[in-house]
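**Student:** Listed below, chain by chain, are the residues.
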Amino acid sequence: MLAKRIIPCLDVKEGRVVKGVNFVNLRDAGDPVELAALYDREGADELVFLDISASVEGRETMVDVVRRTAGEISIPFTVGGGISSVEDMKKILRAGADKIGINTAAVLNPQLINEGSQRFGAQCIVVAVDAKFNSEWNDWEVYTHGGRKPTGIRALEWVREAEQRGAGEILLTSMDADGTKDGFDLPLTKAVCEAINIPVIASGGAGLPEHFYDVFSQANADAGLAATIFHYKEISIPALKTELKAEGVEIR
Amino acid sequence: MAIAIVDYGIGNLHSVSKAIERLGYEYVITGDKDEIFAAEGVILPGVGAFGDAMNHIREGGMDHIVQEVAASGKPLLGICLGMQLLFSEGEEYGVHQGLDILPGRVVRFEEGDYKIPHMGWNKLEYRRPQNPLVRDLYEGHVYFVHSYHVQPERPEDLIAVTDYGQPVTAIVGRDNVYGMQFHPEKSGELGRLLLRNFLALSTGERLDIPEDIGIHRTESK
Chain A
1 MLAKRIIPCL DVKEGRVVKG VNFVNLRDAG DPVELAALYD REGADELVFL DISASVEGRE
61 TMVDVVRRTA GEISIPFTVG GGISSVEDMK KILRAGADKI GINTAAVLNP QLINEGSQRF
121 GAQCIVVAVD AKFNSEWNDW EVYTHGGRKP TGIRALEWVR EAEQRGAGEI LLTSMDADGT
181 KDGFDLPLTK AVCEAINIPV IASGGAGLPE HFYDVFSQAN ADAGLAATIF HYKEISIPAL
241 KTELKAEGVE IR
Chain B
1001 MAIAIVDYGI GNLHSVSKAI ERLGYEYVIT GDKDEIFAAE GVILPGVGAF GDAMNHIREG
1061 GMDHIVQEVA ASGKPLLGIC LGMQLLFSEG EEYGVHQGLD ILPGRVVRFE EGDYKIPHMG
1121 WNKLEYRRPQ NPLVRDLYEG HVYFVHSYHV QPERPEDLIA VTDYGQPVTA IVGRDNVYGM
1181 QFHPEKSGEL GRLLLRNFLA LSTGERLDIP EDIGIHRTES K
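Chains as they are written, first to last, in my numbering: chain A, 1 to 252; chain B, 1001 to 1221.
For reference, chain B alone in the conformation it holds in the complex:
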């Protein structure tokens, strides 16, 4: 099997699994340790509140499994709340400990001249354009829905940001561990390409980059 989508009892995994299927990869939705470790890449999804999700993860001992996956070198991708959970702690309805795979905190957007949640299509700016996850891609819009955002402790973990009154963490990555704050499965073509890149990293295949999808490409179709 190719990709394991971690099932810890919350969220709708239908859209992300179908997106993987459309890209031509196999997946399994599972909470089983053996199945997760047998996969070539692991996706940690997530919707809802930070503390609630961490409680669900701990219930099945899934926290240790995900931490082991990260330590094993197997590609791991957290999506939306799943990315936030990778960090040290979250401040949503009280302070909660996260998986602490990447150092940093998850904080609420400060009240300001913008609407909360940050919801809609916003543009990526690559801070590390050479990272394999984004190397061949253009800086386009992806779909965000969140009220809390990640402040990574190490600036080098930041692969992409988006501008929402301030630079907001959009993609993080360190070694085999990645996170996307937006929903790649809901982000049109660029979302598909980002997800495809993660899947290709997982299965170790070389990507043939179609000529019309280079970094020089602008977004207009």
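So that you can see chain A by itself, here it is in the shape it has in the complex:
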């Protein structure tokens, strides 16, 4: 049986780690390679780097960050942010990343999922979905551009399409839960997990160890992702994993 994964997410801007609260306020918090190595030592099962650089130079810096990280850590890691072509994917994968996360680019050009999956294998392609509850629809809607643009696309339809096109995994962020620390969005995560047969990483809202327990046991997520609570040591990964193990969750 596969272990449930604990995944710290590092937002990286121009080669430095920053944190995001509701995608807006950002604050510098250190060297991504060092932080990645620290999380590896602490028992993180995987890492996600989200490149939020605005400049071309920032993106080039990211390739270097990826190369140095790959040389330092012994767990898999995903790189997302600003990747919009198979060439971009190739650059990051060749630098040593294990998976590529695509979000806005996949919505604008869904064929990118097919191309990436055929070229590099489904296991390399993570489709990141930012979803927010739309009360008019009574359903979740996909947002793009870092959560700024509603798309009119239903999240559950989008994840099914992504799976069909060859996505290997879904990184699901609830914009409603993100930054609240009140727990993962269980209804959304559960609905997505039931809609598809590829792994789902739940993101947004984790504030306490039991939130991870809930999203694994109630929503059936394969992995739980968080940023701030790990960066600021509000939850330590070893303590979290010990607690989950004691609750009977399969944990590495």
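When the alpha-carbon atoms are kept at most 16 Å apart in a straight line, the in silico EDC-like pairs for lysine to aspartate or glutamate are as follows: (1) A/132 x A/157; (2) B/1033 x B/1059; (3) B/1123 x B/1139; (4) B/1115 x A/194; (5) A/190 x A/176; (6) A/190 x A/139; (7) B/1123 x B/1163; (8) B/1115 x A/163; (9) A/181 x A/234; (10) A/91 x A/60; (11) B/1018 x A/72; (12) B/1123 x A/250.
Some chain A residues close to chain B (C-beta under 10 Å, calculated; not the full set): (13) 45; (14) 77; (15) 93; (16) 197; (17) 252.
Derived coverage of chain B by chain A (criterion: at least 3 residues anywhere in the stretch with Cβ under 8 Å from a Cβ of chain A; other residues may be distant): (18) 1113-1123; (19) 1135-1144; (20) 1186-1200.
Hints in this document: simulated from the structure, not taken from any laboratory. From a predicted model like this one, the values you see are computed outputs, not experimental measurements. Ideal Cβ positions, reconstructed from N, Cα and C, are used throughout, including at glycine.
Dock chain B against chain A, hints included.
**Tutor:** Only chain B this time, still in chain A's reference frame:
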């Protein structure tokens, strides 16, 4: 030089080479026969599809070189697809002949109540706990990514399995030839220890086992 990583034109060899470097061993990434034979141990990596990889290997006559390495008694380790290639044949996108160093077939996971690819951390169960590759190690989780799995013809070639709806071949070994279906370079501490054991077998050094890393150890840190 200590370890040769076989370069046959596919895959990213950065992570595995850095893992070897971090363990304090020298390596060379090469497709050159002399360099491969000069090494103390040889690693055959691999990602992608079986048939495609075999075509690449044959192009440079690398198939014969790897077969000779296996026959020479020099430690050889196939990783992920590199392990699958050691076997007789693979069924990924048609039936393809493998290196046939170990007898057995590579087949797709049957559709069932589990997700394909088998991707993530799964736990090793040792079938041959006395094999030098795993003798001093605990049964912990390692990182898998694959849609096809190996069915060895001889049960005694199976060193470790993992449970994924069925026992799935995780480590194989016969004499000097080893294979790991998972990625030791991506498998945290246990991956490092498994890779270290192969490197130590290659260089013939005796391992000093730290007291906190015995078979009685459980995985929790």
